[in-house]
Amino acid sequence: MLNKIAYKYFGEIVKPYLKHFDPLKNELVKADMRVSLHEYVSGMALISFMILLVGWPTLSLLFGLAFGYAKVSSVALAFTLSFTVSLMLSVASFIGMYYYPSLSASGRKRKIENSLPFGTMYMATIASSGAPPSKMFKIISDFSEFGELSREVSRIYTDTEVFGMDIKTALQKAAERTPSDKFKDLLWGLSTIITSGGDMSGYLREKSKSYMADFRRSIKDYSEQMSLYIEMYITLIIVGSVFFLILSAVMTAISPTSSIISIQFFVIFIFLPMISIGFIFLSKGISPTEE
Numbered sequence: 000m001l002n003k004i005a006y007k008y009f010g011e012i013v014k015p016y017l018k019h020f021d022p023l024k025n026e027l028v029k030a031d032m033r034v035s036l037h038e039y040v041s042g043m044a045l046i047s048f049m050i051l052l053v054g055w056p057t058l059s060l061l062f063g064l065a066f067g068y069a070k071v072s073s074v075a076l077a078f079t080l081s082f083t084v085s086l087m088l089s090v091a092s093f094i095g096m097y098y099y100p101s102l103s104a105s106g107r108k109r110k111i112e113n114s115l116p117f118g119t120m121y122m123a124t125i126a127s128s129g130a131p132p133s134k135m136f137k138i139i140s141d142f143s144e145f146g147e148l149s150r151e152v153s154r155i156y157t158d159t160e161v162f163g164m165d166i167k168t169a170l171q172k173a174a175e176r177t178p179s180d181k182f183k184d185l186l187w188g189l190s191t192i193i194t195s196g197g198d199m200s201g202y203l204r205e206k207s208k209s210y211m212a213d214f215r216r217s218i219k220d221y222s223e224q225m226s227l228y229i230e231m232y233i234t235l236i237i238v239g240s241v242f243f244l245i246l247s248a249v250m251t252a253i254s255p256t257s258s259i260i261s262i263q264f265f266v267i268f269i270f271l272p273m274i275s276i277g278f279i280f281l282s283k284g285i286s287p288t289e290e
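Using numbering that gives the first Met the number 0, the letters of the sequence shown correspond one by one to residues 0 to 290.
Treat the hints as calculated values from the structure; they're not laboratory data. Here the structure is a predicted model, which is why all the values come from computation and not from measurement. Every residue gets a Cβ at the ideal spot worked out from N, C-alpha and C, and that includes glycine. Watch out, some of these pointers could steer you wrong.
Said to hold, decoys possible - In the BS3-like style, the derived pairs of lysine-lysine whose C-alpha atoms are separated by at most 27 angstroms in a straight line are:
| # | residue 1 | residue 2 |
| --- | --- | --- |
| 1 | K219 | K167 |
| 2 | K3 | K29 |
| 3 | K181 | K29 |
| 4 | K24 | K167 |
| 5 | K219 | K172 |
| 6 | K219 | K108 |
| 7 | K283 | K183 |
| 8 | K137 | K181 |
| 9 | K29 | K167 |
| 10 | K29 | K183 |
| 11 | K183 | K167 |
| 12 | K108 | K172 |
Claimed, not checked - Computed beta-carbon distance windows for the label pairs:
| # | residue 1 | residue 2 | range |
| --- | --- | --- | --- |
| 13 | K3 | K172 | 25 to 35 angstroms |
| 14 | P15 | I259 | 42 to 52 angstroms |
| 15 | S275 | G106 | 15 to 25 angstroms |
| 16 | M273 | V34 | 31 to 41 angstroms |
| 17 | V34 | S209 | 31 to 41 angstroms |
| 18 | K18 | W187 | 26 to 36 angstroms |
| 19 | L102 | G196 | 33 to 43 angstroms |
Could you build the full structure based on these sequences and the hints that come with them?
Laid out in structure tokens, this is it:
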């Protein structure tokens, strides 16, 4: 809905500049964002414009109340500062939306490659039973545990069974849109094997062994990284904070000041929770598992 509104009002405005956003087209496909480049860029322009349009008067009012409207200089400062901040937020939102598809594609890539060792193992088992490729893809697409991999395979099955594509074309199309180089290599290999009539089961079995070896290495690297990060977290953050609080408590007992109490409040209720949340996101971000 938003993209249609953006296209209606900003479509013609952004049209001459679309050539500058060509790299974004591939990222939209890899991120599985089913929107055209023209609509997405129009949406970027609309949201940036709305932030500037709403932010400028709102911040002008807030800054005006803070500075006071008694002097002309205060009013001019409020309007100038609010426009500057609103413009910066508008530009930041435009840049953020530009890079969002790339970040989304990277997330999909990680999820696909995390499921690939187990997915190829299932594929090899199904292929060894003599089932045709379309049946193999149907079974894998029904496994929700494989997440993004199941969705990618489901689109291959849809292309062949619903849209009537031959399996080779469907595999090549999937290879072009996937964000994962490993999955792309697997699909091109399957296309070659199916075309030449090779041993698909043996090929998938070898691939699953290779992917599983990579997965084991990533688990080992993750374990080593987390050991280092946990030591740093405990030593620098937890022990350091406890030491600071004890020291500041002694200083407060000797010479009570409100500034030390404010710093203690900041450390306990703001600094430590924020650092802990950041540590959780860090550990989740580098985890080799999807969940």
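Hints, one by one, checked against the model:
With a C-alpha separation of about 37 angstroms, the suggested pairing of K219 with K167 is violated against the 27 angstroms cut-off. Of the pairs offered as hints, the one joining K3 and K29 holds, with about 22 angstroms between alpha carbons and a cut-off of 27 angstroms not exceeded. Restraint check for K181 and K29: the C-alpha separation of about 14 angstroms stays at or below 27 angstroms, so the hint holds. Only pairs whose Cα atoms come within 27 angstroms are accepted, and K24 paired with K167 is accepted, the gap being roughly 24 angstroms.
For the hint pairing K219 with K172, the CA-to-CA distance comes to about 34 angstroms; that exceeds 27 angstroms, so the pair is violated. Under the criterion of a C-alpha separation no larger than 27 angstroms, the hint pairing K219 with K108 is consistent with the structure, at around 20 angstroms. The straight-line distance between the Cα atoms of K283 and K183 is roughly 25 angstroms, inside the 27 angstroms bound, and the hint therefore holds. Restraint check for K137 and K181: the C-alpha separation of about 21 angstroms stays at or below 27 angstroms, so the hint holds.
Restraint check: the Cα-Cα separation between K29 and K167 comes to about 20 angstroms, which is no more than 27 angstroms; the hinted pair holds. The straight-line distance between the Cα atoms of K29 and K183 is roughly 12 angstroms, inside the 27 angstroms bound, and the hint therefore holds. Taking the CA atoms of K183 and K167, the gap is about 13 angstroms. The hint holds against a cut of 27 angstroms. Taken as a hint, the K108 and K172 pair is honoured in the structure, with Cα atoms around 17 angstroms apart against an allowance of 27 angstroms.
Checked against the hint of 25 to 35 angstroms, the C-beta distance between K3 and K172 comes to roughly 26 angstroms, which is consistent with it. Between P15 and I259 the C-beta distance comes to about 59 angstroms, which lies outside the given range of 42 to 52 angstroms. Range check, S275 to G106: about 23 angstroms between beta-carbon atoms, so the 15 to 25 angstroms window is met. At roughly 34 angstroms, the beta-carbon separation of M273 and V34 lies within the given 31 to 41 angstroms, and the hint holds.
A hinted range of 31 to 41 angstroms for the beta carbons of V34 and S209 is consistent with their spacing of about 35 angstroms. The hinted window of 26 to 36 angstroms between K18 and W187 holds, with their beta carbons roughly 30 angstroms apart. Taking 33 to 43 angstroms as the suggested C-beta distance range, the pair L102 and G196 conforms, at roughly 41 angstroms.
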